[in-house]
Amino acid sequence: MALAIHLPPFAAFFVPALITKLYAVTADDPNFALLQHRAALFGVIAVGCLWAAFSPDVRKLVFVLTSLSMTSFLAIYLAYCQPPSLGTIALVDVLGLPLLGYVGWKAFFS
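Position 73 of the sequence shown, counting from 1, maps to 78 under the working numbering, and the rest follow consecutively.
It should be emphasised that the hints constitute simulated quantities derived from the structure, not laboratory data.
Check before you lean on any hint, since a few could be wrong.
[Unchecked claim] Simulated restraints on C-beta separations:
(1) Pro21 <-> Gly106: 32 to 38 Å
(2) Leu39 <-> Leu66: 22 to 28 Å
(3) Phe113 <-> Thr31: 20 to 26 Å
We put the CB at the ideal spot given by N, CA and C, even for glycine.
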């Protein structure tokens with residue numbers, strides 16, 4: 006699930022036009038480059054999730070990194086009064102948290 010959540014924004018690294026579609030930020034906006042870098046970081050999380058699916062040795066670390074990614078976004082989203090343009094992203098992260106919690110429980114207690 007976390008892999009599925011992180012793949013669409015990672016695709017924006019390769020297809021920059023997705024940044025405008027996902028975040029309503031145009032290519033002439035100075036934040037565009039930061040969002041493309043953010044897309045690359047989502048790739049790191051996605052690769053980690055894929056790796057953790059096959060390697061129990063990295064599951065704890067990937068759980069912590071993925072949790073930090075998702076919860077920090079939600080905290081920032083709430084701190085900035087829930088910008089409407091980011092509502093879908095926040096909803097997807099909220100829906101992914103229970104499954105992430107289960108995966109974390111399995112990583113630490115199984």
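List, from low to high, the hint numbers that the structure doesn't satisfy. Per hint list: single violation, 3.
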